[in-house]
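Chains A and B supply the protein sequences, listed in that same order.
Residues 3 to 567 in the working numbering are what the first sequence spells out, letter by letter.
Residues 3 to 567 in the working numbering are what the second sequence spells out, letter by letter.
Treat the hints with caution; some may be incorrect.
Identical copies carry no separate label here, and so any pair may be met within one copy or between two of them.
[What the hints assert, rightly or not] DSS-like, lysine-lysine: derived pairs with alpha carbons at most 27 Å apart:
#, residue 1, residue 2
1, K469, K53
2, K273, K341
3, K490, K341
4, K128, K426
5, K435, K14
6, K174, K513
7, K128, K485
8, K128, K490
9, K513, K128
10, K208, K547
11, K54, K266
12, K426, K14
13, K128, K14
14, K266, K466
Hints in this document: simulated from the structure, not taken from any laboratory.
Note that the structure is predicted; figures quoted are calculated from it, not measured.
The residues making up each chain are set out below.
2 protein chains.
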Amino acid sequence: MRTSQYLLSTLKETPASAEVISHQLMLRAGLVRSLASGLYTWLPTGLRVLKKVENIVREEMQRAGANEILMPMVQPADLWQESGRLDDYGPELLRLKDRHQRDFVLGPTHEEVVTKLVANELSSYKQLPVTVFQIQTKFRDEIRPRFGVMRGREFLMKDAYSFHLEDECLEKTYQIMFDAYCRIFERLELDFRPVIADAGSIGGEKSHEFHVLADSGEDDIAFSDASDYAANIEKAEALAPKGERAEPTQDIETVELKLERLIKTLELDVKTTVKTWLVVGATAEGEPIKIVALVLRGDHQLNEVKVENLAGIAAPLTFATDEQVSAIANCHSSSLGPKGLTIEVIVDRSAAHLSDFVCGANENGRSFTGVNWQRDCGEINIQDIRNVVAGDPSPCGQGTIEIKRGIEVGHIFQLGRKYAEAMKCSVLNENGKNQTLTMGCYGIGVSRIVAAAIEQNHDKYGIKWPKAIAPFQVAIVPMNMAKSARVKETAEALYESMLQAGIEVLFDDRKERPGVMFADHELIGTPLLVIIGERNLDAQQVELKNRITGEKSLIAIDDVLALFN
Amino acid sequence: MRTSQYLLSTLKETPASAEVISHQLMLRAGLVRSLASGLYTWLPTGLRVLKKVENIVREEMQRAGANEILMPMVQPADLWQESGRLDDYGPELLRLKDRHQRDFVLGPTHEEVVTKLVANELSSYKQLPVTVFQIQTKFRDEIRPRFGVMRGREFLMKDAYSFHLEDECLEKTYQIMFDAYCRIFERLELDFRPVIADAGSIGGEKSHEFHVLADSGEDDIAFSDASDYAANIEKAEALAPKGERAEPTQDIETVELKLERLIKTLELDVKTTVKTWLVVGATAEGEPIKIVALVLRGDHQLNEVKVENLAGIAAPLTFATDEQVSAIANCHSSSLGPKGLTIEVIVDRSAAHLSDFVCGANENGRSFTGVNWQRDCGEINIQDIRNVVAGDPSPCGQGTIEIKRGIEVGHIFQLGRKYAEAMKCSVLNENGKNQTLTMGCYGIGVSRIVAAAIEQNHDKYGIKWPKAIAPFQVAIVPMNMAKSARVKETAEALYESMLQAGIEVLFDDRKERPGVMFADHELIGTPLLVIIGERNLDAQQVELKNRITGEKSLIAIDDVLALFN
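The shape of chain A in the complex, shown without the other chains (with noise of 0.2 Å):
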């Protein structure tokens, strides 16, 4: 490709508007464009690097023995009706209605449509198991897209999905999948983790996310420092501290303060409080609203993802209104405790393994020191609540955590049948009675793993391309070309012989000044420029920069060729 004939569109200035370092590049690389909140065309230079993705993906997919269709973006809302989740989706879920007024929805994921196709051509055991994937546009409709196309409203993902007649078969394709899964991204040359996570809305039992370890990634991932332990910290579980709780040693005592006017006023320990917060509990349809209080050590923070997985929580999680704090325990929710209330108390596992603790009094303005649980406060109910932190022990058994962040790149769940179950996807068994299936799920964010590999690929110069997506092999950049005869004929040829030899070059032919090719050529990230200057072509040589290592040499022309068997 001839840069005059090619859609470059490299900028010189950080757009303002991006924040991440990964979209900033994107932009000034002249990878994407966007065209309104989320939404991103792809340039040519974006789109090499996204297909090369695509490709990889597709390649062990492919070997892992799945089969490639296409489904459709517009789906019919029905199909979603049928499943239930078209109200518990949310916003992020766009309908809309065709020229007839039917219900359709632009698909953010495709468990629906694959389970009703499934349920239509499969009629027997024997022809399970069976995996397919598509690499498709999707549509979320985020609240607030950001990061460029790391988090944004269409994108392109690979979604792929399993279904057997038996959960050790599901299993087995879980397995596949995984591995598979570490092929791609080893491929991608990508720092990744897979990492045990929670199933979320999808739904299912067991669940693996794969993150790209970045600053800028939105997830926090919790590893073992002595095993291969890693999760995404909304799982990752925090166990109860080892020994008994200490026996009472002191009274309790009211303090006119109120708790954190108290925490500073006597420099205590926060370890040594407890914070109490009021949310809203599970009920059945037509009863009144439960309330019920959750009780965190001072110093760690509240797990929602933990807390909407217990079975007497509404999910989403919502937390009590003023008016609801007061009606209960008569004062603002910053004097909460959990003496005194007649409601359910959960107590954190750390929470619940204090002596003496400090706490609100449930009095405006008023706390308690000397508290203890089974002496003061009555029933609790002890669950795992809250996030875990750097030097806990590892729930594994080995080691204790360290907390990365990490950009979710892929995430597999075994679903088992809540699909097939709701949309009457069976075949007949070996006794021939019908059975309904199981289902594994596979997805990867396509669009957002060239994102993530910028993250954690570039210098101050620009981006620094893992091999097997760079968007060119090689770039050639002749020096003052339109001044010299021969440059131009040695970078024509050459140009030539690569093209000829199926090598992807750019072939810088803009009457540009070298420093302005240079910029681009760094800020494009090709692993290598072939610089062609009158100087060296004395010694019919060329010199090579490597834009990885900063490594200059020298190499005679007819060489260069023979760089990329």
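Following the hints, complete the assembly by docking chain B onto the known chain A.
Below, chain B without anything else, positioned relative to chain A:
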């Protein structure tokens, strides 16, 4: 691919809903499945074909120097407001609102998005010309989706756009794309014709459609039997009859029969009669509706596109209501005639050449005979408003017209400055002044090509794929593999060596009767079957069956691989 792990999904019965052969075969051969009206899932076999078509299109676009990009499917409605098409496009343009109640459309085409992109990215004439293309999912909310993927609502399209400073440059790129289109359809081995076309609502001056010839086509194509001339019947010019109009020889007489009855009763040659319609004329906003008369020779068909392109006519063409007809002519529309009308009368060239003709008398149940234009009808406006018919002289001046049916699979346009002007797409020219760009646009219906290829390539057993787009190159069909270890070993070994050699092979490892297997492979249309049976193995041979010719032959096992070199 092993059929045991493949979503083969062939059907024995022809689905009743499918009207045309390609739709029937696409369902039966397991290429697609309907999700909802005009929405199709591509199953593995269909997607293999679709991807092959896509790749041929991509290669030829790249060879023509076009840059591949990818624009969003969801587009802000304000861009369509800016171009003026938000109102013009009609209900095929699906409108939707996002969660913030902002207006969007599902892209049926991308002139707006790409013009805006180029307006933002390019600043100098030095960056021109530039051609971009994408292969992307489109949505058109067809009122009556039909013929399967031939006229679906969501479909895969290649759309390219070129931008130029001057019209001469556009002409040049237009020719390059014309040639690229010819190469694409040649590589697809389709019997196709480029035909002169009407630009329709896209706008612009010059336009060609590319049609695959097939009886099921929705378009009539007019060809010269003595030259390269071919045009969509919408656009093919009907020349005026040669020679002067004959002088009147009859007097007008009134007959107490309405026109249709008169023709039957007297067994008149309809070529000596004219028929008359009243339609709505073009008026400025606020002006009262103007009605215009159209007159055609009795045997000719009105060409609505030609009428819509006339200056004085409202587009889309709207016929006068019974009330409007009655108010103007005081009769039913079945008794209309040109004599005595006080409105503008537009007469087709052939009708205008008649003398002593028969027509309605503008009185219910009455006709005139012996009517003559100049003597009886006052001033008329003579225009070409009819469809050409077989036997007409070709407008190119050579030969006569033949009519065939075609499926439109491509359409290229010289758009000119319509969009660039509306969306302020300009660059600085050599004189440092802003100059609005001129544009071309170039579409190919990628998914429609799959159906069109089947319309041209099938027999009673199924599809006969052109080699370039067959889903598999070869199928291995072992006879009674369960009973013969030798057959199984040979089949497995051949399959493995084909995979190693990169051959696209479908290995039928199902436990099915030979008849079932053969029927499936003939239906799917794999070009070559390798049949492995006990009998031939004694001589180390297998049988070959050519799907296209039906020929069978024996070949040494060791020679099979060499067939694919």
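Cross-check of the supplied hints:
no.: 1; hint: K469 to K53; result: both (14 Å within a copy, 25 Å between copies)
no.: 2; hint: K273 to K341; result: within (18 Å within a copy, 103 Å between copies)
no.: 3; hint: K490 to K341; result: neither (84 Å within a copy, 76 Å between copies)
no.: 4; hint: K128 to K426; result: within (18 Å within a copy, 61 Å between copies)
no.: 5; hint: K435 to K14; result: between (67 Å within a copy, 24 Å between copies)
no.: 6; hint: K174 to K513; result: between (58 Å within a copy, 24 Å between copies)
no.: 7; hint: K128 to K485; result: between (72 Å within a copy, 19 Å between copies)
no.: 8; hint: K128 to K490; result: between (64 Å within a copy, 19 Å between copies)
no.: 9; hint: K513 to K128; result: between (65 Å within a copy, 10 Å between copies)
no.: 10; hint: K208 to K547; result: neither (47 Å within a copy, 48 Å between copies)
no.: 11; hint: K54 to K266; result: neither (56 Å within a copy, 70 Å between copies)
no.: 12; hint: K426 to K14; result: between (56 Å within a copy, 24 Å between copies)
no.: 13; hint: K128 to K14; result: between (60 Å within a copy, 19 Å between copies)
no.: 14; hint: K266 to K466; result: neither (48 Å within a copy, 83 Å between copies)
The structure fails hints 3, 10, 11, 14 (numbered hints given earlier, in ascending order).
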